[in-house]
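*Asks:* Same order as they appear, the protein sequences are chains V and P.
Everything in the first sequence is counted per full-length UniProt numbering, starting at 1 for the first residue and increasing by one.
Everything in the second sequence is counted per full-length UniProt numbering, starting at 1 for the first residue and increasing by one.
You may find that some hints are simply not true.
Said to hold, decoys possible - Taking lysine-lysine pairs in the DSBU-like style, the calculated list, with each CA pair at most 35 Å apart, reads: (1) K43/P x K157/V; (2) K43/P x K157/P; (3) K169/P x K169/V; (4) K55/V x K157/P.
Hint data in this document are derived by calculation from the structure and do not stem from the laboratory.
Protein chains: 2
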Amino acid sequence: MAVLEINFCPSCGAAVEFRRPDDDNRPRHICIACGTIHYQNPKMVIGSIPEWEDKILLCRRAIEPRHGLWTLPGGFMENGETTSEAAIRETLEEANARIAIGDLYSMYSLPHANQVHLLFRATLLDLDFGPGPESLEVRLFGEEEVPWDEIAFRPIKYSLEHYFADRRKGQFSFHMGELSAPPRS
Amino acid sequence: MAVLEINFCPSCGAAVEFRRPDDDNRPRHICIACGTIHYQNPKMVIGSIPEWEDKILLCRRAIEPRHGLWTLPGGFMENGETTSEAAIRETLEEANARIAIGDLYSMYSLPHANQVHLLFRATLLDLDFGPGPESLEVRLFGEEEVPWDEIAFRPIKYSLEHYFADRRKGQFSFHMGELSAPPRS
């Protein structure tokens, strides 16, 4: 996700300049009329690993990027919610699935994309799930059924690899990592 | 921190309207000329608990809010960095202190403020620290010396309470919580 270009002050509509404020150590977009400083900061992408017995729930994407590939339910955290609420909401929106949130399981920083991805373990509360508008298909997968070559995003793939390895060990632990920009294809 | 008012398109400078996009479930600021949707999302505030033997490092704030009160080094995560890098940078900026990052220790959601606060345990690498421009004073504190009534922010206070309780138990574990708006004073 590219950073939005700021050419005009969202507050008053005047032009902005890109310079370092007096009490800051990096350049910001500053309005030449009202002086408002427009900060840009990373966004959080939050999802869940919905568990049902020995299976987990994956969604096949109906939207770009990565249309047709599989992922865990998740998306951008919204203002006014908690991290758990974001995971519950995204799981409901993308998979029509109700979950109880468990432990925080993974956190990946993607500095090239200005994103931090969080995944929570979660318990699926019933089997009455199905694709929301952003999913083509929603399915439970056992470890041996996971479509490893068709996982949409690296933080999801790596988290799932840790997840099944942890499960075989009988001990889940939190995983943290960082990912640089993928090679251009 | 209030959400910035968006009246004009930062991209093209035209007026924006606040309405629900066709494929969305909540209203957004949308440019009436170029159609760009301007999303607003929570920001991450990231800090460290710098440890030196049985003491931790606190900073006395030289800026508002909470001028003169004590806090752990931390601040808003910037674009282009990882969560660990943010904690290291903020600790260097506010306390001129070098740290090695340890485990993620706490995560608090503040939905009223559109913020998520993360704290990492960290090891102070040397004793050559001192106040940066945003600090009046930087000091090591043993548990019995912590100025509990002068801690600037609730996520810091609660994390430190967990921290010393965990230390007495001999076992540190990750803590997650959410905080609603404080009563107006």
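*Asks:* With reference to the structure, classify each hint as holding or not holding.
*Replies:* Status of each hint after checking the structure:
1. Only pairs whose Cα atoms come within 35 Å are accepted, and K43/P paired with K157/V is accepted, the gap being roughly 25 Å.
2. Among the hinted pairs, K43/P with K157/P is consistent with the structure: their alpha-carbon atoms are about 20 Å apart, no more than 35 Å.
3. The suggested pairing of K169/P with K169/V holds, with an alpha-carbon distance near 26 Å, which does not exceed 35 Å.
4. For the hint linking K55/V to K157/P, the alpha-carbon distance of about 39 Å lies beyond 35 Å, and the restraint is violated.
Checked against the numbered hints above, the structure violates only hint 4.
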